[in-house]
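There are 2 protein chains.
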Amino acid sequence: MLLADDEELIRTGLRVIIDAEADLEVVGEAGDGVDALEMVRRLKPDVVLMDVRMPTVDGLEATERIVSTVADPPKILVVTTFDNDEYVYQALRAGADGFLLKRARPDRLLEAIRVVVRGDSLLFPAAIRDLATRHRGRPSALRRAGLTEREEQVLRLMATGRTNAEIAAELYVSAETVKTHVGNVLGKLRVRDRTQAVIAAYESGFV
Amino acid sequence: MLLADDEELIRTGLRVIIDAEADLEVVGEAGDGVDALEMVRRLKPDVVLMDVRMPTVDGLEATERIVSTVADPPKILVVTTFDNDEYVYQALRAGADGFLLKRARPDRLLEAIRVVVRGDSLLFPAAIRDLATRHRGRPSALRRAGLTEREEQVLRLMATGRTNAEIAAELYVSAETVKTHVGNVLGKLRVRDRTQAVIAAYESGFV
DNA sequence: CAGTGTCTCCCCCACGCGGGGGAGCGCGTC
DNA sequence: GACGCGCTCCCCCGCGTGGGGGAGACACTG
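Chains A and B, in that order, give the protein sequences.
Here the first sequence is numbered in our numbering, starting from 1 and rising by one per residue.
Here the second sequence is numbered in our numbering, starting from 1001 and rising by one per residue.
Derived from the structure by calculation, the hints contain no laboratory data.
Among the clues, some could well be false.
[As the list claims (entries may be wrong)] The calculated lysine to aspartate or glutamate pairs, modelled on EDC-like cross-linking and capped at a C-alpha distance of 20 Å, are:
{"no.": "1", "chain 1": "A", "residue 1": "179", "chain 2": "B", "residue 2": "1193"}
{"no.": "2", "chain 1": "B", "residue 1": "1179", "chain 2": "A", "residue 2": "193"}
{"no.": "3", "chain 1": "B", "residue 1": "1179", "chain 2": "B", "residue 2": "1166"}
{"no.": "4", "chain 1": "B", "residue 1": "1044", "chain 2": "B", "residue 2": "1023"}
{"no.": "5", "chain 1": "A", "residue 1": "102", "chain 2": "A", "residue 2": "58"}
{"no.": "6", "chain 1": "A", "residue 1": "75", "chain 2": "A", "residue 2": "46"}
Sequences are here, hints too, so could you generate the full structure?
Structural data, given as structure tokens:
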């Protein structure tokens, strides 16, 4: 396992916790993203505990580079301090295998590591759930907006970046008809323009 | 624990697996969303295994209703058949505590249940990860688009649904300046209009 | 049967938006 | 100092967009 964190104190703490386990072993420590990438290539660890905020290259960028450039990349657990951290999704999109809070209890930390090592699963700490669900309530808003089937179709096509003319061609109707549907969607969603409608669609998980 | 699935075969299979465990007990079975909601109110289970596709009210809607209307709601594990199921995010946003594939091995299923019961954690099966990371590669596209700091600011404000004039007011610059930045953003992201730019921002995890 | 709702199409009009061009300023680099 | 670059501001122009109005066809329901 490789530890990547710019604070030595954190690295030491993690090392103590991890080395106490018979089945886990720390093979190296990196202080920034560049070091992390280099050490991954050289030491070929099976797991990396990756801090987000680091000098030179942050943990997200490092994760992305590792996943996209290293053959048979290690499992990467992104570790961060704040539970309201907006990096969660970005971490997963960058190719991380898991996400964890630094203040998690050691047994949870070890469990997360084992889960990631063993299978290919993601373990989310509790507080992170809020990030996934922070937009709750709103889907109902969109759901209860009472969009008709046609209006939903149009909204979906709007959310692909199409113009009214393109939507019209896609649905085999006139552009005027699409305009009507779009207008109805905007009214029902109580938004000003198509951009806000698309945002509402994304925020509510509609797309 | 409550099982909610429209296929009796599935319910039976789950019941057999679960009842074999000493610490887990199935207290009821629901065949659709309405039943599930009613039984949650009546039986007050601590966990619900919720299928997505069900008659009357689907599992997502049922989850949302339970979470938003039941006092002290049970933990809800959404169970689905397909690993390319786009319902994952919607499930989490609806308030589900976890997501699981039906074809998961029984021990994984039981582990997921225990994780959800014990703490408040989310367990993602492997294939689900692709959903979180399906837009990978693209963030780099956006990242490598070479947006300047100001352009990033403008893009973020665009992604909140603001007009150029509002962005201008927010940044204390003229609307013409904002137009220039917007134009640069569109060019660098290779998109046609602000709606597509916002979509790109969402798809790449920029927001 | 009448009423409601949805989908379809049309008109006019104001305006935000994006594309084209140019231009000055401050900054750091070579 | 020259140069590149980012930020700022301005012009004109075409057009997609959204708001206002109306209207006919069809299906479903009370």
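Hints violated by the structure (listed by number, smallest first)
Of the numbered hints given earlier, the structure breaks none, since each of them holds.
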